[in-house]
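These are the residues of each chain, in order.
There are 2 protein chains.
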Amino acid sequence: MTAIVVSIGDELVLGQTVDTNSAWLSRRLAEIGVDVIEHATVADDQLGIERALRDVAARCDVALVSGGLGPTADDLTRQALASLMQVPLELNEAWFGEMHAFFARLGRTMVESNRIQAMIPRGAEMIWNTCGTAAGMAVRIGRCRMFVMPGVPKEMKAMFESRVRGELGDAAGGSVILSRTLHTFGLGESNVGERLGDLMDRRRNPSVGTTVSAGVVSIRINARYAGIDEARRQIEATDELCRQRLGALVYGIDEQTLPQVVLGLLKERSAAAGRGLTVATAESCTGGLIAKYLTDVPGSSAFFRQGWVVYSNDTKTQLVGVPAAMLREHGAVSEPVVRCMATNAMLMSEADFALAVSGIAGPDGGTADKPVGTVWIALAGDEPAGVTARRFVFVGDREMIRDRAAKMALTMLRYRLLGAEMPF
Amino acid sequence: MTAIVVSIGDELVLGQTVDTNSAWLSRRLAEIGVDVIEHATVADDQLGIERALRDVAARCDVALVSGGLGPTADDLTRQALASLMQVPLELNEAWFGEMHAFFARLGRTMVESNRIQAMIPRGAEMIWNTCGTAAGMAVRIGRCRMFVMPGVPKEMKAMFESRVRGELGDAAGGSVILSRTLHTFGLGESNVGERLGDLMDRRRNPSVGTTVSAGVVSIRINARYAGIDEARRQIEATDELCRQRLGALVYGIDEQTLPQVVLGLLKERSAAAGRGLTVATAESCTGGLIAKYLTDVPGSSAFFRQGWVVYSNDTKTQLVGVPAAMLREHGAVSEPVVRCMATNAMLMSEADFALAVSGIAGPDGGTADKPVGTVWIALAGDEPAGVTARRFVFVGDREMIRDRAAKMALTMLRYRLLGAEMPF
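As you go down the protein sequences, you meet chains R and B in turn.
The first sequence begins at 12 in my numbering and counts up by one.
The second sequence begins at 12 in my numbering and counts up by one.
It should be emphasised that the hints constitute simulated quantities derived from the structure, not laboratory data.
We treat Cβ as the ideally placed atom computed from N, Cα and C, and that holds for glycine.
Please note that a few of the clues may not be correct.
Distance windows between CB atoms, simulated [unchecked claim]:
hint, chain 1, residue 1, chain 2, residue 2, range
1, R, 431, B, 122, 19 to 27 Å
2, R, 223, B, 309, 19 to 27 Å
3, B, 117, R, 31, 33 to 41 Å
4, B, 397, R, 431, 34 to 42 Å
5, R, 223, B, 380, 28 to 36 Å
6, B, 172, R, 85, 28 to 36 Å
7, B, 335, R, 410, 33 to 41 Å
8, B, 335, R, 142, 37 to 45 Å
9, B, 122, R, 286, 16 to 24 Å
10, B, 281, R, 380, 48 to 56 Å
11, B, 395, R, 430, 56 to 64 Å
12, B, 264, R, 224, 57 to 65 Å
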């Protein structure tokens with residue numbers, strides 16, 4: 012069963028509002044095994060809406076339409092639908108009565124312009140609105156079952172849940188789409204894609220695809236099966252295959268974040284050690300971002316107790332004891348300096364691990380030797396690894412460079428806690 | 012001139028990612044007088060993409076397409092475009108060379124699968140990508156000018172700005188929509204709306220509307236006029252009217268951020284004082300976020316030299332000298348403690364101002380007296396104001412509470428630098 016999701020509104024085509032209804036509806040449809048093939052967004056223009064609905068109805072089994080059911084002159088969806096169906100709009104007395112009661116409950120008088128919200132095309136089925144005044148509609152146009160709902164997310168969602176989901180779930184016949192996303196950091200998308208190889212074959216079920224967001228390369232597994240149990244089993248099996256090819260590169264799934272995973276590992280190690288292990292930070296170019304990431308996680312106070320933001324040379328000396336002569340000789344963005352920052356941060360804080368970062372986030376400050384994006388990261392920790400340092404060159408603007416540097420620092424700590432080598 | 016915006020990607024039609032590209036592109040098109048009539052979102056399916064592009068090309072003057080240009084097997088936009096044009100894909104040598112240089116700068120070897128990103132349909136014009144590896148394309152299909160760009164927002168935006176905007180702006184010629192956004196922080200949307208009053212009348216031109224994002228209440232002014240000069244004048248006039256009603260609450264416009272504005276004020280004060288004024292931070296619940304915000308701004312090293320992240324009680328004592336007895340008596344989330352943190356941070360760093368924050372970000376740790384969201388913020392600075400402290404209760408989840416607390420700290424500093432009273 013195929014579906015197209017249609018959103019209607021000038022504010023959407025003008026880009027003044029980001030359409031979140033379509034994504035929400037699509038996720039719900041996937042859950043009940045309906046295959047969304049397209050989204051369409053059209054302006055508050057009666058002819059344009061009519062044309063879009065006609066086109067959509069010819070190309071799918073189900074159309075979920077939202078928007079354009081308000082009481083004002085720019086709300087034209089019901090008129091367009093009536094015109095497409097070649098029938099007049101008629102007042103739905105049941106809903107009109109409900110609207111009067113609704114306004115009475117608010118202690119307000121209904122104004123004349125609201126009357127239109129009780130009008131639906133002759134022959135359409137009215138859908139009750141449990142949190143607003145616009146009636147929804149269900150119609151059939153050729154082979155297409157079309158549901159028309161308000162654009163207000165709350166009203167649309169309530170209408171979908173109370174009326175639409177049931178009918179479609181029964182009709183879709185039980186096939187479901189389940190998804191899982193594996194997250195990686197450190198290798199580029201093409202490199203991850205090569206490792207996944209034939210798993211990314213377009214005809215495969217479960218399908219495997221990659222996306223990138225804020226430097227995180229994610230592997231999305233979509234499984235489409237008749238039953239939920241089979242879909243779950245198949246997701247597990249494909250997850251396992253992906254991990255065989257990517258190894259420790261996969262740091263988490265779905266909603267898991269890198270800081271969560273790192274603190275989780277620290278917690279496991281603490282349990283094994285019989286005492287709470289902690290981490291400290293000394294940050295120059297990331298300016299507090301690593302500390303921010305670590306403290307994003309509820310309960311992080313058990314593992315992260317302190318950090319220094321040492322953004323200038325003299326504060327590197329004053330707060331974390333980097334010798335001024337070392338800064339003069341090697342520059343702030345250098346291996347000796349980050350090693351010293353990490354070591355001293357660990358010793359001063361009595362933490363078990365310390366991360367230190369110094370780099371050139373730009374846009375200025377780059378040189379031929381040390382271009383913008385050059386970042387030294389050091390990790391101090393227990394023997395035998397002790398203090399390790401790596402140089403990276405991150406690409407992008409200031410924000411991206413800082414973000415990638417902070418994530419890479421966390422990744423270095425993650426691999427250390429795993430006792431594994433970084434594959435890059 | 013009419014336009015349709017097309018987004019391509021399974022993650023979009025499945026609702027796993029919300030499409031923000033379409034809204035961004037639509038706003039840019041409105042600015043140059045191009046009339047967006049529709050958005051379309053299609054899955055990573057070659058035939059589906061080809062069908063959509065054919066349909067779109069028949070119905071508008073300009074199509075802006077993004078997505079499906081990655082290096083992996085599920086990226087099929089260029090193949091669909093070539094098929095629609097009935098031409099083969101060809102390697103663009105200039106871009107392929109650029110890609111090699113790109114990977115060389117990263118110190119990485121380009122893998123074979125990246126080669127596809129330099130392939131474009133024969134006869135298409137290549138658009139340079141200044142922040143990624145996928146070449147963009149410009150083609151003409153019948154009466155429709157079509158630009159094809161990567162789905163990664165940063166790459167798409169850079170490509171639009173560097174190549175597409177100029178061509179379309181020249182061609183559009185007609186009436187223009189100019190927008191300006193004024194940003195405020197501290198008062199709620201309804202309160203800002205009340206102050207704006209009749210300026211928000213729907214029939215007004217320029218129109219005035221409010222939106223909220225991450226605690227920032229923004230006032231969007233849209234002016235639709237025949238000429239750009241008139242639109243500019245009208246935007247200025249409405250901007251002035253908004254500021255008359257909102258006063259110092261407006262901290263910036265358009266792309267300006269709160270940290271930028273605060274550092275800008277510090278720079279002005281420094282120029283007046285004849286020496287560089289600086290700010291330091293001592294953060295508990297915000298965990299480095301204020302430092303991160305300040306160092307988001309290029310050149311911030313002149314004003315922000317150091318910060319402490321003191322996430323536990325004992326580090327508050329060790330690093331910024333909060334007496335243990337004070338912590339025992341008043342608790343970490345208290346006025347005496349944040350005052351002490353701010354004062355000591357200012358003295359120890361020899362900075363001119365210091366911000367200190369201590370609060371309960373949740374989800375745990377709240378009490379009847381100090382519910383989750385309770386945050387004490389102190390600002391230490393020059394006399395006569397000296398050290399001031401305020402208690403806030405922020406609403407939302409952990410991330411929201413931390414974000415609002417950091418923004419409120421910056422707002423306190425902003426009002427201090429303006430020499431004005433906060434209106435909340």
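Each hint tested on the structure:
1. 431(R) - 122(B): 19 to 27 Å: Since the Cβ atoms of residue 431(R) and residue 122(B) sit about 22 Å apart, the hinted range of 19 to 27 Å holds.
2. 223(R) - 309(B): 19 to 27 Å: holds, 25 Å
3. 117(B) - 31(R): 33 to 41 Å: Taking Cβ atoms as reference, residue 117(B) and residue 31(R) lie about 35 Å apart, which means the hint holds.
4. 397(B) - 431(R): 34 to 42 Å: Taking Cβ atoms as reference, residue 397(B) and residue 431(R) lie about 53 Å apart, which means the hint is violated.
5. 223(R) - 380(B): 28 to 36 Å: Violated, at about 46 Å.
6. 172(B) - 85(R): 28 to 36 Å: The hinted range 28 to 36 Å holds for residue 172(B) and residue 85(R), with Cβ atoms some 31 Å apart.
7. 335(B) - 410(R): 33 to 41 Å: holds, 39 Å
8. 335(B) - 142(R): 37 to 45 Å: Given about 53 Å between the Cβ atoms, the range is violated.
9. 122(B) - 286(R): 16 to 24 Å: The hint (16 to 24 Å, Cβ to Cβ) is violated, given that residue 122(B) and residue 286(R) are roughly 44 Å apart.
10. 281(B) - 380(R): 48 to 56 Å: violated, 31 Å
11. 395(B) - 430(R): 56 to 64 Å: Taking Cβ atoms as reference, residue 395(B) and residue 430(R) lie about 58 Å apart, which means the hint holds.
12. 264(B) - 224(R): 57 to 65 Å: Violated, at about 28 Å.
Comparing the model with each earlier hint shows violations of hints 4, 5, 8, 9, 10 and 12; every other hint is respected.
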